[in-house]
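> Start from the sequences and build out the full structure, keeping to the hints where you can.
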Amino acid sequence: MSGRAILRARDLVKEHGSGAAKVRALKGVSLDLMPGELTLLMGPSGSGKTTLLSILGCILTQTSGHLTVNGQSTDGMSPEQLAAIRRSNIGFVFQSYNLFPTLTAIENVRLALDVRGHSGKAGIAMATAALESVGLSHRLTAYPRTMSGGEQQRVAIARSLAGSPPLIFADEPTAALDAENGLAVMALIQKLARDKSRAVLVVTHDHRTLQFADRILTIEDGLIVDDRRQAAATVHPARRRGKAASGHVRRKA
Amino acid sequence: MILILAFRNLFHDRIRLVVTLIGILFSIVLVAVQLGLYLGARKMIVGMIDHANAELWITAYGTKSFEEAGTLSGRERHIALAVPGVASVAPLVASFASWLKPQGGTTLAVIVGTDPADGGLAPWNVVAGDVASIAEPDAVAVDRSYLDNLGLKGIGDIAQIETSRVRVAALTEGIRSFTTAPYVFMPISRARNILQLAQDQSTFLLVKLADGADVETVRRDLAKRLPVAEILTREEFRQRSLDHWLFGTGAGVALIGGALLGILVGTVIVAQTLYASTKDHLGEFATLRALGSSAGYIHSVILVQAALSAALGYGLGMSIALVIIQLSEKSPLPIVMTPMLAAGLLLLTIAMCAISAFAAIMKVTRIDPAMVFAK
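Residue numbers (this note's numbering), protein chains in the order written: chain A, 1 to 253; chain B, 1 to 375.
Take the hints with a grain of salt, since some may be wrong.
As the list claims (entries may be wrong) - Covered stretches of chain A, going by a simulated chain B footprint (3 or more residues, C-beta under 8 Å):
#, region
1, 98-104
2, 108-121
Claimed, not checked - What follows is a set of in silico ranges between Cβ atoms, one per label pair, in the way DEER data are often shown:
#, chain 1, residue 1, chain 2, residue 2, range
3, B, 7, A, 44, 41 to 47 Å
4, B, 276, A, 197, 41 to 47 Å
5, A, 80, B, 322, 55 to 61 Å
6, B, 339, A, 143, 54 to 60 Å
7, A, 22, B, 359, 39 to 45 Å
8, A, 13, B, 359, 32 to 38 Å
9, B, 279, A, 11, 34 to 40 Å
10, A, 80, B, 276, 23 to 29 Å
11, A, 143, B, 359, 27 to 33 Å
12, A, 46, B, 276, 31 to 37 Å
13, B, 7, A, 66, 40 to 46 Å
Said to hold, decoys possible - Chain A residues, not near chain B, derived (Cβ > 10 Å throughout):
#, residue
14, 35
15, 72
16, 128
17, 197
18, 210
19, 221
20, 228
In short, the hints are calculated from the structure, not lab data.
Being a predicted model, the structure only gives us computed values, none of them experimental.
The C-beta atom is built at its ideal place from N, Cα and C for all residues, glycine as well.
Below you can see the structure in the form of structure tokens.
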């Protein structure tokens with residue numbers, strides 16, 4: 001862990017519905033995501049993981065509380081302003097890959113780059129490099145339907161890297177993969193977190209992924225009930241040094 | 001990448017693409033044919049007026065069109081010739097008459113009695129025979145496209161108009177009549193005899209102005225001196241004829257109505273298919289939104305999809321329309337295609353597709369990027 005927090009959340013509350021049907025999905029979540037750190041967000045179904053990920057990813061807005069991304073407060077931002085924050089700062093990896101089936105691997109990555117303003121030859125070079133970095137230089141022109149689940153998720157990871165955002169959010173990235181591919185994908189995600197200017201948050205149910213984490217957040221019933229750093233991130237022994245808790249932990253009552 | 005994504009979205013579902021293209025194609029063909037017929041009708045209605053060498057037309061009050069005019073006594077010509085600025089005044093007779101086919105049966109024709117030597121209305125586009133030969137006894141000129149209608153085979157054939165014998169001495173091409181009654185050109189003296197008009201009588205006086213004369217001034221002078229006649233500029237007479245035949249009879253309204261129907265049907269079909277395509281790709285658009293694309297970026301994808309549909313549909317639609325236009329050339333009501341109409345149709349197609357994209361854009365505007373996390 002190094003430097004200031006790339007993402008800072010304070011007292012995030014999210015309510016859905018109104019009146020008797022009102023549901024409090026988040027009840028006051030505070031956390032910081034630090035550069036160079038791979039954080040796992042774990043918790044049972046319905047605990048608020050996806051809601052929290054959506055708010056941290058500037059896809060949903062909080063009912064109350066404050067969120068700062070890369071030094072910029074997102075409070076009160078319009079959907080277009082939030083899209084601009086995502087464009088400049090956040091890469092996503094989805095459980096179902098969410099690749100465009102009509103585009104090849106390189107075109108999928110180029111599309112994300114195009115959205116971020118990198119088009120033409122520069123875009124092609126950046127997309128090629130991103131796919132090379134996930135070991136898919138031989139599958140540039142393959143369509144998603146011709147690729148294995150692991151390959152598709154690697155394309156999605158390459159896409160999330162497009163434009164080098166400082167934050168990567170992954171939603172159950174291993175859920176649709178077998179054990180071997182799941183571990184390979186997590187190793188790749190861990191590699192992303194080695195970049196000292198980037199923080200990675202992974203929402204997961206998969207306990208096989210624990211070994212890759214620098215930090216594990218546990219959410220239950222809309223509250224973070226546990227926030228611990230572990231010194232055992234398998235392929236990254238350098239990060240065993242100097243682990244100090246930076247999260248704001250609220251124990252369940 | 002917008003173009004690539006739009007192209008792939010469009011071609012991804014071939015059946016939907018075909019439905020879209022059929023919708024646009026149907027619309028383009030219908031609009032092209034209807035508007036082409038409208039233009040063709042306009043051209044036929046004003047053909048005589050445009051080819052007459054006259055800046056002003058003197059006619060009886062209440063004249064509705066070239067074919068339906070009252071009678072002038074004849075003294076109007078002498079009065080008009082005395083008006084300053086008038087260079088020549090040529091009488092012209094036009095009236096419906098009964099044509100008896102050589103093999104029996106009758107049809108309606110329009111006698112056009114004129115003396116080109118007087119500066120009157122000479123037949124144009126003469127493709128067989130000689131225009132001067134219609135001065136010979138019984139000689140007339142008719143349009144080749146009406147030979148069947150008149151029961152004729154060609155030059156030299158004999159028929160009867162009202163009670164007079166006529167012989168075809170010249171054939172023209174492209175002088176068609178909106179009323180479907182063929183024009184029969186002959187010298188004015190014979191036309192008067194056939195229509196039982198007095199020697200000086202006519203239905204129109206074609207006024208040619210002297211160099212430098214002001215049309216409006218001459219018209220005012222003529223109107224003052226001929227209070228019982230109407231003095232119309234060429235443009236006014238054109239408009240009056242068009243109003244009568246196209247809107248007075250409802251023919252033009254039907255043609256324009258058909259064109260509007262084509263536009264409506266095309267717009268609905270394209271809108272429906274674009275909306276369905278957008279709905280199919282909603283998950284992808286949500287992903288794009290989650291990746292940080294602006295709403296404008298996504299709208300551009302949909303609009304480019306619409307523009308590609310427009311370009312393809314226009315190309316196919318115009319190809320078919322041009323074949324139909326070619327086939328209609330010899331028909332009684334040929335369809336006219338002008339560069340202006342072709343350009344207008346292209347703009348119309350683009351506008352139609354852009355409007356069609358509206359519903360899809362509305363749908364995608366309300367997209368919730370959080371759906372990317374739906375399991």
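> Verify the CB-CB distance for residue 22(A) and residue 359(B) against the hinted window 39 to 45 Å.
Cβ of residue 22(A) to Cβ of residue 359(B): about 33 Å, so the range 39 to 45 Å is violated.
> State, for the Cβ atoms of residue 80(A) and residue 322(B), whether the hinted interval 55 to 61 Å holds or is violated.
45 Å Cβ-Cβ, so the 55 to 61 Å window is violated.
> Note whether the CB distance of residue 339(B) and residue 143(A) lies within 54 to 60 Å or breaks it.
The hint (54 to 60 Å, Cβ to Cβ) is violated, given that residue 339(B) and residue 143(A) are roughly 43 Å apart.
> For the pair residue 7(B) and residue 66(A), does the Cβ-Cβ distance stay inside 40 to 46 Å?
holds, 43 Å
> Residue count check for the region 98-104 of chain A against chain B: does it reach three with CB-CB under 8 Å?
holds (count 5)
> Could one say that the CB atoms of residue 13(A) and residue 359(B) fall in the range 32 to 38 Å?
Because 36 Å falls inside the window, the suggested range holds.
> Quick check on a hinted range of 34 to 40 Å for residue 279(B) and residue 11(A), using CB atoms only.
holds, 38 Å
> Does residue 128(A) sit more than 10 Å from chain B, CB to CB?
holds, 15 Å
> Over 10 Å from every CB of chain B: does residue 228(A) meet that, or does the non-interface label fail?
holds, 25 Å
> Was residue 210(A) rightly flagged as not at the interface, with every chain B Cβ beyond 10 Å?
Answer for residue 210(A): holds, closest chain B Cβ roughly 21 Å.
> When you take the CB atoms of residue 46(A) and residue 276(B), is the distance between them in 31 to 37 Å?
holds, 34 Å
> Since residue 72(A) was said not to touch the interface, does its Cβ keep a gap of more than 10 Å from each Cβ of chain B?
Check passes; 14 Å lies beyond 10 Å.
Violated hints for the displayed structure, listed by number in ascending order: 5, 6 and 7.
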